[in-house]
Amino acid sequence: MSADTASNGNAIVARGLTRRFGTLVAVDHVDLTVARAQVYGFLGPNGSGKSTTIRMLCGLLMPSEGEISVLGHSIPAEAEALKRRIGYMTQKFSLYEDLTVQENLEFLAAVHDVPRAATRARIDELLERYWLGDRRKQLAGTMSGGQKQRLALAGAVLHKPELLFLDEPTSAVDPQSRREFWESLFELADAGTTILVSTHYMDEAERCHRLAILDTGRLVADGTPRELCEELPYAVRLIETPAPRRAQLALKHVAGVVSMAQIGAELRVLADKREADDGALDAALRAAGIDARVKEGRANLEDVFVAATRKPLTEAA
Amino acid sequence: MSLRRMLSVVVKELRQLRRDRLTFAMIIGIPTMQLILFGFAINLDVRHLQGAVLDEANTARSRELVAELGASQVIEFHRRLATPQELDDLLREGAISAALVIPADFETRLERRDHPPLQVVVDGSDQVVQSAARQLAAYPIERLRNPLATSVNNVEIVNFYNPERRAPVNTVPGLVGVILTMTMVMFTAMALVRERERGNMEMLIATPVSPWELTVGKVLPFVGIGLVQVTVVLFLGTLIFSVPIRGHLVDVYVAALAFIVASLALGVFLSTLAKSQFQAMQLAFFTFLPQILLSGFMFPYAGMPKLAQWISEVLPMTHFIRLIRGIMLRGASLGDLWHELAALGVFSALMLSIAVARVSKRLD
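If you read the sequences in order, they're chains A and B.
Counting along the first sequence from 1, when you hit position 262 you're at 439 in the working numbering, and nothing is skipped either side.
Counting along the second sequence from 1, when you hit position 229 you're at 1047 in the working numbering, and nothing is skipped either side.
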């Protein structure tokens, strides 16, 4: 199998991965390559096919088309063998709310065949690492979002998986907990674990080693965050003006303007390098009688995301 | 199949059950309440029907007859009526279920013996009332004419296992079946659906746990619970209603165990069909009615049309009712009833296999 031979050194290789639900194409011919011991990000809006892709890679959903090789296993045929080697943290909290922290972890240890003698020490270790030591006897359902998320992570790595799938792990968590959570992820990656994490937060995407941007089931960009920013085919212009709302209206119909966003007193414009150069923007602003200065800006991941997932401007507005 | 993984599911299930106070209370509460309710209430041997007398003869012998029939306690003659019209009205209103009509020419009819000398008018809308009133037809009227005449019944009925004709003796063994069906099917029908509804299933199927480990692990705790319920019913049944256990107690438990497994298998199967706990509940009720109505618990198997009998043969409760009545009341052994036990075994194996095959480790 071609995907299999290509998997040398890679944790995940997928070619032409497609999933249809009736007439809806949730995932549309996605090609993926994830190297080992990397934190690989899936960035995309809701409904872009992130969860469906992750479920297919875990062997929980049958692909409609395409080849998958994960840790050298051909999926879905060898899904059961794969399940011993991966950890999966679902989007919704999926441990038992009516069991205590300790009981949940004991259950997962047994189900994952963690040797009985090692279970106790392993649970103690995880409770300490994820600051849950004093929550041992608390029912999981009564904990805060951040605590639940740390428990879910502890549960997902309990059996020391080589590959970890995290589906929007930080969606119900405050910023401080998110930072701590990402520290834990890099700790795991340093120890050799490959991590595939989906998110719709730009700051999280920025931290990944590599990144794939999904939009309506299609892979629209992938690379390191820096590559993606450098390869952006548009220019970023910052417009300083006392009337940013009016400026936005004035530039709306200038050819080559891809997107605009007001950031404080500034207007951030993403525009085609040749079509909408400084001169064209200046002219449009002057014609509307707006006092403004146009500066060069640096592309960030949000620009990449907007450019990759953009709809025609008139439709979006 | 890994024993440790299966046992961990059992332990998890028991821990969750312990925290679910209401369900926990129902395990003992349901059998106790039902036993007491049904034990006292279900009685097909009807007595004390509300009745009336329309005595158009009003002679010494007619009054004697009314007194004697009243003494049988089948019908209590509270009212004396004057016209047939009154009788019609009372029956329609439901104020009385039966009425004794003694015609004006009662004496002549009695002497000439060419017409029945009296009538019992019965509310035929209730089948049980109908058959109760029929007992009155057996009354030896002949004795009124000639008190010395010895009346001999043509057929003597010898009641073997329940000579006192006490209703609880017939209902309590069957109640073991009813209570087990209700709780066992219901609890397990919820089991897998709940995991799915609460989102635990997606986490579970991403682990190495197999469908067999999961299904058997979830069902096993309920086997113990079912046996506790059987014990409660048997204990209260002998204590309150003096229901005999004539066969071996071990046989009773083996039969109960076979039925528990069959009910759990049915429950798990339903659990794989339902998409929500509400649906699971409805499915459980859907199987519940035929089990009670067609199993022979309420109405005799022999009285059903062929089609109903076939359906009844498929229901695990039918075989359990035969087993438990046989063992408890007739003192039969499992050897005598092995085919009923085998039927339960086949049912369980079939249901459980279908259920496990349907527990897919995929989301689609």
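Don't read these hints as lab results, they were simulated from the structure.
Note that this is a predicted model, so its numbers are computed, not measured.
Accuracy of the hints is not assured; some may be wrong.
[What the hints assert, rightly or not] Okay, the calculated bits of chain B under chain A, using three or more residues with CB under 8 Å as the criterion:
(1) 831–843
(2) 938–951
(3) 1060–1073
(4) 1169–1182
[Stated by the list, open to error] Lysine-lysine pairs mimicking DSBU-like chemistry, simulated, CA-CA at most 30 Å apart:
(5) LYS429/A / LYS325/A
(6) LYS325/A / LYS1179/B
(7) LYS325/A / LYS314/A
(8) LYS337/A / LYS1179/B
(9) LYS269/A / LYS1093/B
All C-beta atoms, glycine included, are put in the ideal place defined by N, C-alpha and C.
We went through each hint and held it up to the structure:
Note: the segment 831–843 of chain B has 4 residues with beta-carbon separation from chain A under 8 Å; the three-residue rule is met and the coverage holds. Coverage of a stretch by a chain is defined here by at least three residues with a beta carbon nearer than 8 Å to that chain's beta carbons; for the segment 938–951 of chain B and chain A the count is 0, and the condition is violated. Beta-carbon proximity to chain A at under 8 Å applies to 0 residues in the segment 1060–1073 of chain B; the threshold of 3 is not reached and the given coverage is violated. Coverage of the segment 1169–1182 of chain B by chain A holds in this model, with 4 residues showing a Cβ closer than 8 Å to a Cβ of that chain against a need of three.
In summary, the hint linking LYS429/A to LYS325/A is not supported, as the alpha carbons are separated by about 45 Å, beyond the 30 Å threshold. Of the supplied pair hints, the one linking LYS325/A and LYS1179/B holds, its CA atoms being roughly 25 Å apart against a limit of 30 Å. Only pairs whose Cα atoms come within 30 Å are accepted, and LYS325/A paired with LYS314/A is accepted, the gap being roughly 14 Å. For the given pair, LYS337/A sits about 22 Å from LYS1179/B by alpha-carbon distance, which is consistent with the 30 Å threshold.
As the CA atoms of LYS269/A and LYS1093/B are separated by approximately 18 Å, the hinted pair is consistent with the 30 Å bound.
In terms of the numbered hints stated before, the structure departs from hints 2, 3, 5, listed from lowest to highest.
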